[in-house]
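**Q** Sequence lines, in order, name chains F and G.
The first sequence begins at 581 in the numbering used here and counts up by one.
The second sequence begins at 581 in the numbering used here and counts up by one.
Any given hint could turn out to be false.
Identical copies carry no separate label here, and so any pair may be met within one copy or between two of them.
[Unchecked claim] Below, simulated DSS-like cross-link-like pairs (lysine-lysine); rule was C-alpha separation at most 25 Å, straight line:
#1 Lys795 to Lys729
#2 Lys751 to Lys761
#3 Lys601 to Lys729
#4 Lys795 to Lys711
#5 Lys711 to Lys761
#6 Lys700 to Lys747
#7 Lys751 to Lys795
#8 Lys700 to Lys584
Note that these hints are calculated values from the structure, not bench results.
Number of protein chains: 2
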Amino acid sequence: MASKPRWRSGLENAMALPENKGQMQYQLATVDTSGRPHVRTVGFSSIIEPAEHPHLPVLIGITDVRTPKVTDMRANPYVELCWFLTGSKDQFRISGPVRIIPSPHVESAAQGESTLALDKLSEQGFDWEKKRVAAFDSLPPFMRALWCKPPQGSTIGSYEVANEWLKTLSKSNQLESEEDKQNFELALRNFALLVIDPIHVDWVEAAASPQRRTKFMRNGEDWSEEFVVP
Amino acid sequence: MASKPRWRSGLENAMALPENKGQMQYQLATVDTSGRPHVRTVGFSSIIEPAEHPHLPVLIGITDVRTPKVTDMRANPYVELCWFLTGSKDQFRISGPVRIIPSPHVESAAQGESTLALDKLSEQGFDWEKKRVAAFDSLPPFMRALWCKPPQGSTIGSYEVANEWLKTLSKSNQLESEEDKQNFELALRNFALLVIDPIHVDWVEAAASPQRRTKFMRNGEDWSEEFVVP
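Full structure from sequences and hints, please.
**A** Below, the structure written as structure tokens:
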């Protein structure tokens with residue numbers, strides 16, 4: 581059985597370092613419908629893999645289905661992220677096909693190119709809705725409330741309008757009032773997973789001496805790696 | 581006379597804060613010749629403007645003409661950057677046409693779409709070669725030496741090969757041996773400026789209460805701004 585690619589251990593080790601605490605976000609590049617690039621900060625959620633396929637890890641991020649980045653990814657479902665963990669000076673650039681996993685209550689666009697890892701997960705009957713709800717429930721209360729705001733980037737009359745928005749939102753098993761439940765439903769409807777199937781990874785260890793840079797490429801189910809000039 | 585756009589003061593103030601010290605780089609998104617996005621860390625150099633045109637600032641970054649990002653930008657001369665200054669939690673996303681300013685000794689590709697600010701600088705006879713040499717001279721000696729390495733991303737036999745590369749390189753007026761001079765010439769030939777003419781700027785002040793997000797757009801020579809949902 582093929583094994584876990586070395587970049588995955590590198591990324592997981594870097595994430596676990598105390599000096600990288602709180603750096604659970606990366607910059608994600610997309611291409612819009614007119615062919616222009618965009619880059620935005622996205623929150624990391626987890627890495628999973630199909631059962632018995634440790635060589636096919638996928639990266640799960642979180643987003644809002646109402647954002648322009650989702651529109652970009654539906655039109656051009658291939659992305660690259662740059663994750664610079666400043667404490668340890670590890671930089672990971674990861675690219676591959678992307679899929680958006682929205683609420684089942686939201687119209688789901690065609691999901692783009694097939695991807696080995698995501699197709700394998702589907703084949704194994706992976707429960708994406710359970711994963712989506714669990715990811716939402718695991719957020720801190722102030723973050724969950726963000727999915728109740730008007731769509732990001734839409735015009736408001738003044739900055740102070742934001743004072744009227746919901747500040748915190750409980751998790752699914754702690755909702756008390758009818759209002760809480762409605763807010764939770766609204767937020768969960770807007771919440772989506774953004775799943776990347778990595779096929780190229782470029783890892784720079786800038787704190788090493790000499791600096792190290794390694795490129796990993798997946799061909800079919802096999803990972804190869806090479807040392808390159810940093 | 582039109583005045584300096586408010587985002588520029590915001591960016592310059594954020595850069596000057598002690599809590600943002602050492603954060604002089606951003607993530608730059610480009611589109612490659614097959615239409616796929618890439619995102620890489622790029623070093624900031626300076627902001628300049630055409631004389632008597634404070635409303636047309638351009639951002640100067642530094643790069644190596646031999647890198648794939650330069651190939652991307654020559655094919656698709658429109659970029660977006662995301663600059664998250666983590667100390668003050670200010671995020672600037674800036675997009676617009678880009679131009680590469682290489683050594684006059686390097687074949688210069690067609691420079692893409694015309695841009696208001698860069699055309700104005702040319703019209704005023706701005707000395708780009710002087711600016712390029714000054715930017716290179718202002719780098720610390722260990723950084724200048726990086727432009728003598730083999731091309732970034734090219735394959736090497738082992739990480740240790742890097743131990744043989746040049747460690748430091750003096751500035752133009754402190755070159756002593758013939759070898760120093762040759763190294764300086766080689767590095768300066770590879771060194772290029774990457775100049776972005778901003779036409780959209782999206783500024784998030786995440787530490788403000790409530791959080792603020794402002795979009796700035798340039799139409800012709802005029803900047804407009806609007807408050808939007810963070």
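**Q** Run every hint past the structure and note whether it holds.
**A** Consistency of the hints with the structure:
Taking the shortest alpha-carbon separations for Lys795 and Lys729, only the inter-copy value of 18 Å comes in at or below 25 Å, while the best intra-copy value is 40 Å. In this assembly of identical chains, the alpha carbons of Lys751 and Lys761 lie at most 25 Å apart only when taken from the same copy (10 Å versus 65 Å across copies). Proximity of Lys601 to Lys729 under the C-alpha cut-off of 25 Å is found in neither arrangement, the shortest distances being 27 Å within a copy and 33 Å between copies. For the homomeric pair Lys795 and Lys711, neither the shortest alpha-carbon distance inside one copy (30 Å) nor that between copies (34 Å) is at most 25 Å.
Proximity of Lys711 and Lys761 under a CA criterion of 25 Å is satisfied intra-copy only: 20 Å inside one chain copy versus 60 Å between copies. With identical chains, the CA atoms of Lys700 and Lys747 are never at most 25 Å apart, being 39 Å at best within one copy and 47 Å at best between copies. In the homo-oligomer, the alpha carbons of Lys751 and Lys795 never lie at most 25 Å apart, since the shortest distance is 40 Å inside one protomer and 33 Å across protomers. Taking the shortest alpha-carbon separations for Lys700 and Lys584, only the intra-copy value of 16 Å comes in at or below 25 Å, while the best inter-copy value is 54 Å.
When each numbered hint is compared with the structure, violations occur for hints 3, 4, 6, 7.
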